[in-house]
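Listed here are the chains, written in short residue letters.
There are 2 protein chains.
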Amino acid sequence: MINIEKVLDLLEKNNYYAVKLFVNEMYPADIALLIDELDTKNSVVVFRLLQKDLAADAFAYFDNDKQIALIEAINDSELYDVFSHMFLDDTVDIIEEMPASVVRRILNNTSPDKRKKINEILRYPESSVGSIMTVEYVSFKKDITVAEAIAKLRKEGTSKETLYTCYVTENRKLLGYIDVNVLLTSADDTKIEDIMETNVVSIPTTEDKEEATRQINKYDLIALPVVDHEDRLVGIVTVDDAIDVLQSEVTEDISRMAAMEPIEDSYFKTPVFVHAKKRILWLIFLMFSATVTGVILQHFEDAISVLPVLVGSIPMLMGTGGNSGSQSATIITRGIALGEVSFKDIFKVIFKEFRVSIIVSFALSLINIIRILAMYKIGILGDIGGHSVFIIAAVISLALLLVIIIAKFIGCTLPLLADKVGLDPALMASPIISTIVDACAVVIYFNIATAWLGI
Amino acid sequence: MINIEKVLDLLEKNNYYAVKLFVNEMYPADIALLIDELDTKNSVVVFRLLQKDLAADAFAYFDNDKQIALIEAINDSELYDVFSHMFLDDTVDIIEEMPASVVRRILNNTSPDKRKKINEILRYPESSVGSIMTVEYVSFKKDITVAEAIAKLRKEGTSKETLYTCYVTENRKLLGYIDVNVLLTSADDTKIEDIMETNVVSIPTTEDKEEATRQINKYDLIALPVVDHEDRLVGIVTVDDAIDVLQSEVTEDISRMAAMEPIEDSYFKTPVFVHAKKRILWLIFLMFSATVTGVILQHFEDAISVLPVLVGSIPMLMGTGGNSGSQSATIITRGIALGEVSFKDIFKVIFKEFRVSIIVSFALSLINIIRILAMYKIGILGDIGGHSVFIIAAVISLALLLVIIIAKFIGCTLPLLADKVGLDPALMASPIISTIVDACAVVIYFNIATAWLGI
Numbered sequence: 001m002i003n004i005e006k007v008l009d010l011l012e013k014n015n016y017y018a019v020k021l022f023v024n025e026m027y028p029a030d031i032a033l034l035i036d037e038l039d040t041k042n043s044v045v046v047f048r049l050l051q052k053d054l055a056a057d058a059f060a061y062f063d064n065d066k067q068i069a070l071i072e073a074i075n076d077s078e079l080y081d082v083f084s085h086m087f088l089d090d091t092v093d094i095i096e097e098m099p100a101s102v103v104r105r106i107l108n109n110t111s112p113d114k115r116k117k118i119n120e121i122l123r124y125p126e127s128s129v130g131s132i133m134t135v136e137y138v139s140f141k142k143d144i145t146v147a148e149a150i151a152k153l154r155k156e157g158t159s160k161e162t163l164y165t166c167y168v169t170e171n172r173k174l175l176g177y178i179d180v181n182v183l184l185t186s187a188d189d190t191k192i193e194d195i196m197e198t199n200v201v202s203i204p205t206t207e208d209k210e211e212a213t214r215q216i217n218k219y220d221l222i223a224l225p226v227v228d229h230e231d232r233l234v235g236i237v238t239v240d241d242a243i244d245v246l247q248s249e250v251t252e253d254i255s256r257m258a259a260m261e262p263i264e265d266s267y268f269k270t271p272v273f274v275h276a277k278k279r280i281l282w283l284i285f286l287m288f289s290a291t292v293t294g295v296i297l298q299h300f301e302d303a304i305s306v307l308p309v310l311v312g313s314i315p316m317l318m319g320t321g322g323n324s325g326s327q328s329a330t331i332i333t334r335g336i337a338l339g340e341v342s343f344k345d346i347f348k349v350i351f352k353e354f355r356v357s358i359i360v361s362f363a364l365s366l367i368n369i370i371r372i373l374a375m376y377k378i379g380i381l382g383d384i385g386g387h388s389v390f391i392i393a394a395v396i397s398l399a400l401l402l403v404i405i406i407a408k409f410i411g412c413t414l415p416l417l418a419d420k421v422g423l424d425p426a427l428m429a430s431p432i433i434s435t436i437v438d439a440c441a442v443v444i445y446f447n448i449a450t451a452w453l454g455i
Numbered sequence: 001m002i003n004i005e006k007v008l009d010l011l012e013k014n015n016y017y018a019v020k021l022f023v024n025e026m027y028p029a030d031i032a033l034l035i036d037e038l039d040t041k042n043s044v045v046v047f048r049l050l051q052k053d054l055a056a057d058a059f060a061y062f063d064n065d066k067q068i069a070l071i072e073a074i075n076d077s078e079l080y081d082v083f084s085h086m087f088l089d090d091t092v093d094i095i096e097e098m099p100a101s102v103v104r105r106i107l108n109n110t111s112p113d114k115r116k117k118i119n120e121i122l123r124y125p126e127s128s129v130g131s132i133m134t135v136e137y138v139s140f141k142k143d144i145t146v147a148e149a150i151a152k153l154r155k156e157g158t159s160k161e162t163l164y165t166c167y168v169t170e171n172r173k174l175l176g177y178i179d180v181n182v183l184l185t186s187a188d189d190t191k192i193e194d195i196m197e198t199n200v201v202s203i204p205t206t207e208d209k210e211e212a213t214r215q216i217n218k219y220d221l222i223a224l225p226v227v228d229h230e231d232r233l234v235g236i237v238t239v240d241d242a243i244d245v246l247q248s249e250v251t252e253d254i255s256r257m258a259a260m261e262p263i264e265d266s267y268f269k270t271p272v273f274v275h276a277k278k279r280i281l282w283l284i285f286l287m288f289s290a291t292v293t294g295v296i297l298q299h300f301e302d303a304i305s306v307l308p309v310l311v312g313s314i315p316m317l318m319g320t321g322g323n324s325g326s327q328s329a330t331i332i333t334r335g336i337a338l339g340e341v342s343f344k345d346i347f348k349v350i351f352k353e354f355r356v357s358i359i360v361s362f363a364l365s366l367i368n369i370i371r372i373l374a375m376y377k378i379g380i381l382g383d384i385g386g387h388s389v390f391i392i393a394a395v396i397s398l399a400l401l402l403v404i405i406i407a408k409f410i411g412c413t414l415p416l417l418a419d420k421v422g423l424d425p426a427l428m429a430s431p432i433i434s435t436i437v438d439a440c441a442v443v444i445y446f447n448i449a450t451a452w453l454g455i
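Line by line, the protein sequences give chains A and B. Residues 1 to 455 in my numbering are what the first sequence spells out, letter by letter. Residues 1 to 455 in my numbering are what the second sequence spells out, letter by letter.
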């Protein structure tokens, strides 16, 4: 737990020594939560009390705004200290979010070698593996012994973000890898090439970063090596970065499924106006789409005037259709995200959803007939205009049956088609599907009604 | 890539030597994909050609059905080999999914020590941290030196699932931890207690397993130590298991948000009947809920008969209301899952969503007035029964404004209330919210219409 009151109290009493002892015992992530709550003046005070490596670690967890405020408040030598203690992938993450003037100041205060590496990573597109990789990893030559490798690790290890997995290279070409536990538990005089794993999963810099996450998850990796187009090792993606990618992809998918553009910051950190902006365009688009359903509905104005009872079933038909379609769209979208389903399975998916829809639609239609007869019996069905209640029930239930089958067909095909043409399948989830299904529901329903009831 | 044709071809030619060479070069996860595609006879053949430790690793990735089939096909000594090479947390995962007769056979073929540990873990509830932890970890006494610790690691390391993070204990009480890179890069004669990190994040066995995932993500951990109620170290949760928990929680949330119970297996592995079962109950419940909206609609039968134009706006009002509510419900549900929002923030959330809804609703209502006037101009609005088009536009737009504000209020409060009373907030997402908002939309709309238009 972060005790903000305690820190504020100590700061007020100018007891900086106690603050220093207190904050230097905290985790970087918790220090960030604390400093994000303080005003700029106190933030800088607390930040300056941190040990250099802890300051660098914590800095990577701050809000963007706080990072900018701190960079503006500290001098160049302090800035150099922070960025020289920071891992390269964190540095790149920060630079990507900064205004140009701040970026220039950061780059001017990093070593030429690090600046070169930063620029290399910055050139990769934001969605690519290259943009999330770190270039700090451990590599061995294949002909050294375990004892030599351990000695090398112990000498160089501190500057590497992860040494849990070490890589074996020759002229920068990736030959294999060796887990640190295998290394440690092998005999001193064993050659690296005799214990290295040569069947190594790697990923090109240009691949989608989501794919790196999938590989790390599939093979339970701590780090995934990244290679260029000539199969040379250029970096690694670590599991903690993979989890961050996973979480933001999920937030993106869930937002799109609910007809919103994803927000980048947390809920409370995002201003009201940004929230409104992320939601309003989809609502306007869907409002106009729903108008189409309304216009179709007006075409059946005569049927409605003659038999208003028909209107009573519209919310049920549109709701059930929309929900059926959303179910299929959601399960397929999630399947695509998990790599279980892809466009080449489209006919298998359609056939499977068809069988599911047959079971679901017959069951629901049967229950619906019973519901209508029961409502008629207790007198809350409304005026059925002299028609037989059985005909009314048959009309509504047949419409329901067809709407569910069509909804599940549309729901399962649209995300696959979207994925095929390079769109986010999550865009095709609930709201769009519901809108399309609504229109279908009205057309099917009133066509059956007018034909069978002779209106 | 997995070359199934090649393996099948080699098997047909009885070239087991080539199969053996081929499969022993593959990754466990890929071997599982291969064997899952083979029939039982060939599965057993290929499985028997695997090296013991690889066989154990691959086994943990198989489908449940395949695991049962293989256990039934192999003899007791082979079974012993598989489970003695398998990590404890994987063993427990498998046992939890097996029928009782198979469990008995597995337990009869494991060492008494391992059987005791399995039984300990099996007693933890499925949603608890205890159920996903592994009890294989490295621990040191605080007064040994770095050289002694490294020697201990090198001697004992192979039997531990992860030695990336080592723990320091005294009478099983957790004193601190030390990352293997810190250990390796410290001088030989340094005492462990001088370099261990004493500010250690740990989690109780009884805590929700989602919380372990959150901690691992927040602090970028490779493993999280698990303690009992007396703060004694009993196990660790590794990052790969945390990712699996994360993925299945996300699938669960997304499924519930689309009115389905989550499926446990992949999309194609799940039979049609199970898919139908997971979806049908929600559809029936929502169908009956929508019937309520229908009954309310029938109350306004007279208004509908007199002015059928009113019906044309129902899909737009219900759709926009449902979408607005879903947006709020989804963003709050995701916020709860990420630990950003909780019940204590309910008034902050309501106030924030209110301000968002003001912006969104005024913008949409304005656009809606323009839409109605434009549709009237080009003659597709339908019969407005002698009323002024401005009054019609005002009625519909005022209804829209109120529906959006109410939808966002309901959408943001229900998930928080659900979470407060211990229900899954995802249950309160889109479909239920849409159904409630639909009913509200009809009531608001027809009350305004009948009052202003004097029907």
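Just so you know, not all the hints are guaranteed correct.
Chain copies aren't distinguished; within one or between two, either way the pair holds.
[What the hints assert, rightly or not] Okay, derived cross-link-like pairs now, BS3-like style, lysine-lysine, Cα gap no bigger than 27 Å in a straight line:
#, residue 1, residue 2
1, Lys-277, Lys-155
2, Lys-114, Lys-173
3, Lys-344, Lys-6
4, Lys-348, Lys-269
5, Lys-191, Lys-344
6, Lys-66, Lys-269
7, Lys-13, Lys-277
8, Lys-52, Lys-114
9, Lys-141, Lys-13
10, Lys-155, Lys-6
11, Lys-141, Lys-155
12, Lys-116, Lys-20
13, Lys-173, Lys-142
14, Lys-269, Lys-13
15, Lys-377, Lys-218
Read the hints as simulated data drawn from the structure, not as lab findings. This structure is a prediction, so every number in the text was calculated from the model and none was measured.
- [ ] State the violated hints by number, sorted upward, taking the hints as numbered earlier in the document.
- [x] 1, 5, 7, 9, 10, 12, 14 and 15
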